[in-house]
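Undergrad: This is what each chain is made of:
Protein chains: 2
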Amino acid sequence: MTYQAIVFTEKLEKFSDQWAPKVIAEMNDYQLKLVKIQGDFVWHAHPQTDEVFIVLSGDMQIEFRDGAVDLSAGGMFVVPKGVEHKPFAANECEILLIEPVGVVNTGDAGGEFTAENDVWV
Amino acid sequence: MTYQAIVFTEKLEKFSDQWAPKVIAEMNDYQLKLVKIQGDFVWHAHPQTDEVFIVLSGDMQIEFRDGAVDLSAGGMFVVPKGVEHKPFAANECEILLIEPVGVVNTGDAGGEFTAENDVWV
Numbered sequence: 197m198t199y200q201a202i203v204f205t206e207k208l209e210k211f212s213d214q215w216a217p218k219v220i221a222e223m224n225d226y227q228l229k230l231v232k233i234q235g236d237f238v239w240h241a242h243p244q245t246d247e248v249f250i251v252l253s254g255d256m257q258i259e260f261r262d263g264a265v266d267l268s269a270g271g272m273f274v275v276p277k278g279v280e281h282k283p284f285a286a287n288e289c290e291i292l293l294i295e296p297v298g299v300v301n302t303g304d305a306g307g308e309f310t311a312e313n314d315v316w317v
Numbered sequence: 197m198t199y200q201a202i203v204f205t206e207k208l209e210k211f212s213d214q215w216a217p218k219v220i221a222e223m224n225d226y227q228l229k230l231v232k233i234q235g236d237f238v239w240h241a242h243p244q245t246d247e248v249f250i251v252l253s254g255d256m257q258i259e260f261r262d263g264a265v266d267l268s269a270g271g272m273f274v275v276p277k278g279v280e281h282k283p284f285a286a287n288e289c290e291i292l293l294i295e296p297v298g299v300v301n302t303g304d305a306g307g308e309f310t311a312e313n314d315v316w317v
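Order-wise, the sequence lines are chains Z and X.
With our numbering as the guide, the letters of the first sequence map in order to residues 197 to 317.
With our numbering as the guide, the letters of the second sequence map in order to residues 197 to 317.
Misleading hints may appear alongside valid ones.
Identical copies look the same in the list; a pair holds intra-copy or inter-copy alike.
[To be verified] With a straight-line Cα cutoff of 25 Å, these simulated SDA-like cross-link-like pairs (lysine to any residue) come out:
1. Lys282 / Ala201
2. Lys277 / Ser212
3. Lys207 / Gln257
4. Lys277 / Glu312
5. Lys282 / Tyr199
6. Lys210 / Lys277
7. Lys207 / Ala305
Bear in mind the hints are in silico, worked out from the structure with no lab data behind them.
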């Protein structure tokens with residue numbers, strides 16, 4: 197039997213909406229999600245969990261209340277549980293997120309950027 | 197304050213031993229590990245957890261008792277909990293692994309390939 201790899205570029209071709217994470221895999225009770233971002237997101241935190249950002253293409257910044265981290269393709273950062281952050285990308289940036297099943301993109305903030313959860317691509 | 201990105205290529209330059217995963221980050225009770233592989237690994241399973249393989253450079257195959265999956269850079273696969281598998285790479289391949297803290301590389305098999313756990317780079 198031939199098993200199929202999950203290929204990031206193939207999955208990224210299947211959607212174009214920004215700030216709307218798409219699940220591509222599950223590991224135990226965690227999900228791996230692709231998301232395209234551009235512009236400013238909302239300040240928010242995830243009170244229950246850390247959150248992994250891995251940049252696949254482009255450049256982004258994660259702002260914190262006391263600083264920021266710049267990420268480019270091949271770079272990653274773990275936003276600690278409960279820490280307020282605001283993602284930003286001048287141009288479209290493609291990201292792999294890793295977080296527990298059920299985590300909502302806007303965390304404790306809500307608002308218009310809140311995306312439907314558990315959407316697979 | 198400027199936070200530092202974790203950059204895969206910078207971390208990969210810091211070690212050369214194969215089949216010896218190096219931790220680069222933690223997310224909750226999970227770790228992200230880089231590993232360089234070449235040749236045949238041992239058949240093993242992880243009875244307690246799924247295991248994520250993300251290929252950063254090169255090509256590899258994960259053999260299963262009933263088939264195999266081929267992975268190249270930008271491709272990933274989740275080996276389900278308890279499923280016997282044997283990684284293989286004809287030439288050196290660089291991988292990002294994601295799994296719970298404490299998971300040993302040879303799982304339930306042990307043997308000479310068993311690497312020291314929780315080594316950071």
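Undergrad: Is it within, between, both or neither when you check Lys207 against Gln257 at 25 Å Cα-Cα?
TA: Both: 23 Å inside a chain and 20 Å across chains, each within 25 Å.
Undergrad: Checking Lys277 and Ser212: alpha-carbon separation at most 25 Å within a copy, between copies, both or neither?
TA: For Lys277 and Ser212, the Cα distance exceeds 25 Å both inside one copy (29 Å) and across copies (33 Å).
Undergrad: For the identical chains here, do Lys282 and Ala201 meet the 25 Å Cα criterion within one copy, between copies, both, or neither?
TA: Cα proximity of Lys282 and Ala201: across copies only (16 Å, versus 32 Å in one copy).
Undergrad: Checking an output row: Lys282 and Tyr199, CA cutoff 25 Å. Within, between, both or neither?
TA: between (38 Å within a copy, 14 Å between copies)
Undergrad: If the cut is 25 Å between Cα atoms, do Lys210 and Lys277 qualify within a copy, between copies, both or neither?
TA: Classified as neither; 30 Å inside a copy, 28 Å across copies.
Undergrad: Between Lys277 and Glu312, at a C-alpha cutoff of 25 Å, which is it: within one copy, between copies, both, or neither?
TA: within (21 Å within a copy, 28 Å between copies)
Undergrad: Checking an output row: Lys207 and Ala305, CA cutoff 25 Å. Within, between, both or neither?
TA: For Lys207 and Ala305, neither the intra-copy (28 Å) nor the inter-copy (34 Å) Cα distance is at most 25 Å.
The structure fails hints 2, 6, 7 (numbered hints given earlier, in ascending order).
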